[in-house]
Amino acid sequence: MSKVSVKQYLLEEKEKKSDVAVKSVEESEVKPSVDAPTEEIVQKTEETPTVVDSEVAPGATGGDSEVSDVAAGDSKETSPADANPAPSEESSDTAESENTNNQEAEETPEIKLETAPADFRFPTTNQTRHCFTRYIEYHRCIAAKGEGAPECDKFAKYYRSLCPGEWVDRWNEQRENGTFPGPL
Amino acid sequence: MIVLECLFLTIAPCDAAEPWQLGSQDAATPMMQGIIDLHHDIFFFLILIFVFVSWILVRALWHFHYKKNPIPQRIVHGTTIEILWTIFPSIILMFIAIPSFALLYSMDEVVVDPAITIKAIGHQWYWTYEYSDYNSGDEQSLTFDSYTIPEDDPELGQSRLLEVDNRVVVPEKTHLRIIVTPADVPHSWAVPSLGVKCDAVPGRLNQTSISVQREGVYYGQCSEICGTNHAFMRAPGNIGRLLSPLWLSRTNQGASHPRSKLLQRAAGAVWSRGARQ
Numbered sequence: 001m002s003k004v005s006v007k008q009y010l011l012e013e014k015e016k017k018s019d020v021a022v023k024s025v026e027e028s029e030v031k032p033s034v035d036a037p038t039e040e041i042v043q044k045t046e047e048t049p050t051v052v053d054s055e056v057a058p059g060a061t062g063g064d065s066e067v068s069d070v071a072a073g074d075s076k077e078t079s080p081a082d083a084n085p086a087p088s089e090e091s092s093d094t095a096e097s098e099n100t101n102n103q104e105a106e107e108t109p110e111i112k113l114e115t116a117p118a119d120f121r122f123p124t125t126n127q128t129r130h131c132f133t134r135y136i137e138y139h140r141c142i143a144a145k146g147e148g149a150p151e152c153d154k155f156a157k158y159y160r161s162l163c164p165g166e167w168v169d170r171w172n173e174q175r176e177n178g179t180f181p182g183p184l
Numbered sequence: 001m002i003v004l005e006c007l008f009l010t011i012a013p014c015d016a017a018e019p020w021q022l023g024s025q026d027a028a029t030p031m032m033q034g035i036i037d038l039h040h041d042i043f044f045f046l047i048l049i050f051v052f053v054s055w056i057l058v059r060a061l062w063h064f065h066y067k068k069n070p071i072p073q074r075i076v077h078g079t080t081i082e083i084l085w086t087i088f089p090s091i092i093l094m095f096i097a098i099p100s101f102a103l104l105y106s107m108d109e110v111v112v113d114p115a116i117t118i119k120a121i122g123h124q125w126y127w128t129y130e131y132s133d134y135n136s137g138d139e140q141s142l143t144f145d146s147y148t149i150p151e152d153d154p155e156l157g158q159s160r161l162l163e164v165d166n167r168v169v170v171p172e173k174t175h176l177r178i179i180v181t182p183a184d185v186p187h188s189w190a191v192p193s194l195g196v197k198c199d200a201v202p203g204r205l206n207q208t209s210i211s212v213q214r215e216g217v218y219y220g221q222c223s224e225i226c227g228t229n230h231a232f233m234r235a236p237g238n239i240g241r242l243l244s245p246l247w248l249s250r251t252n253q254g255a256s257h258p259r260s261k262l263l264q265r266a267a268g269a270v271w272s273r274g275a276r277q
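Taken in sequence, the protein lines are chains A and B.
Under full-length UniProt numbering, the first sequence is numbered contiguously, ending at residue 184.
Under full-length UniProt numbering, the second sequence is numbered contiguously, ending at residue 277.
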């Protein structure tokens, strides 16, 4: 939740309007769930088994507490969007990145200011291994969950935020040639 | 008089260096404000010590002149004075060291929750910037090169050898993570107004965090000798106009098109130098 509060702080000045809009949307989401809670829950479980997976996934891939924290945070964030009826379903089918999907789903100009969070494993100025580790985490996740698994998207976002494009291209090439030096 | 005017009476343009400038450029980040404050703090002690030492020197020269005092006294020991001149300087050093270390370590601090990551990649002799927080594929990042405007074609009103063709545009009052790395030789990404100087070391990603407090155009330069055109790598590229987070909403939509028109316009990059890419 801290993420959300920080975001609100950052956007406070200019985006009060959109915040209000979001709140109203959330309220409207909450109301039907109060009216017919059971239906909602059933729908949720039918629509989004992936979210449940995403909570389990990092533990399975040998992540530590921090990763699971991040996962928990993400699942919190995504859950309201998934509670949305139609549009989020469509977008989750095409699932490229959570972020853009949410934006499309909400159809508001609100932008989620979001990037790879600081990682306590890499608390120093030198972030080289941070980038490398995120890249490896993504590909191990893909290897475990299958190509295009939505719970791996966040790792992809992280390594794309952190690594220079040139490095990623080189590593992709090395993976294709089977000469990638990391533990995949 | 002219010299005096040059030294003291010039009007400082906010965020660019000026001829005969003595102090720092105006601070735009808390970090730079801290640096300037530390400078002033230390100068307090510096002037105090300077006056005191000068006074002792002049007094000694005056009173112990060989005409006044032909036979020097031979004092080889004075416990009290020795204790005094050991203790007092250490106390002064402590007063300088405490704020200095506080600032140093706060600069080292990694911001827990940065909002944007910008990658600055040094080349001989320009900077490439990547915004890739909103990528959905490996090939789609918003990437552009930032060259210095050469000496012979700045437009009226532009600072000579400070302007670049494509500015970096970032939102103000937002925690930014800047990741600095070169693609060839070591460079260093420095912007004085922001109090940032981050070495770019080949094969390594260095991170620095800034939070810019006001809008403006900030200039910087490469701070590591990186070859022939080092002096013209005016590029840590000036951080461009710093807009509100609303700016992001536009860039984000434009992010799918590298070199989006919107970004360029926002950055005031009207020159078609981008064709070099």
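Keep in mind that the hints are not guaranteed to be accurate.
As the list claims (entries may be wrong) - Part of the chain A face toward chain B, derived, beta carbon under 8 Å:
#1 T115
#2 A118
#3 A143
#4 R160
#5 L162
#6 N172
Since the hints were made in silico from the structure, they are not lab data.
Note that CB positions come from ideal geometry on N, CA and C, so glycine has one too.
Practice task
Hold the hint about L162 of chain A up to the distance rule: shortest CB distance to chain B must be less than 8 Å.
Solution key: Holds: closest Cβ of chain B sits about 7 Å from L162 of chain A, inside 8 Å.
Practice task
Against chain B, run the beta carbon of A143 of chain A and see if the smallest gap drops under 8 Å.
Solution key: violated (17 Å)
Problem - Given hint T115 of chain A near chain B, where the shortest CB pair must fall under 8 Å - result: holds (4 Å)
Practice task
Hold the hint about A118 of chain A up to the distance rule: shortest CB distance to chain B must be less than 8 Å.
Solution key: Cβ of A118 of chain A sits 5 Å from chain B, so the hint holds.
Problem - chain B contact restraint on N172 of chain A - CB to CB distance below 8 Å - result: holds (6 Å)
Problem - chain B contact restraint on R160 of chain A - CB to CB distance below 8 Å - result: holds (5 Å)
Figure legend: structure checked against the earlier numbered hints; the only hint not met is number 3.
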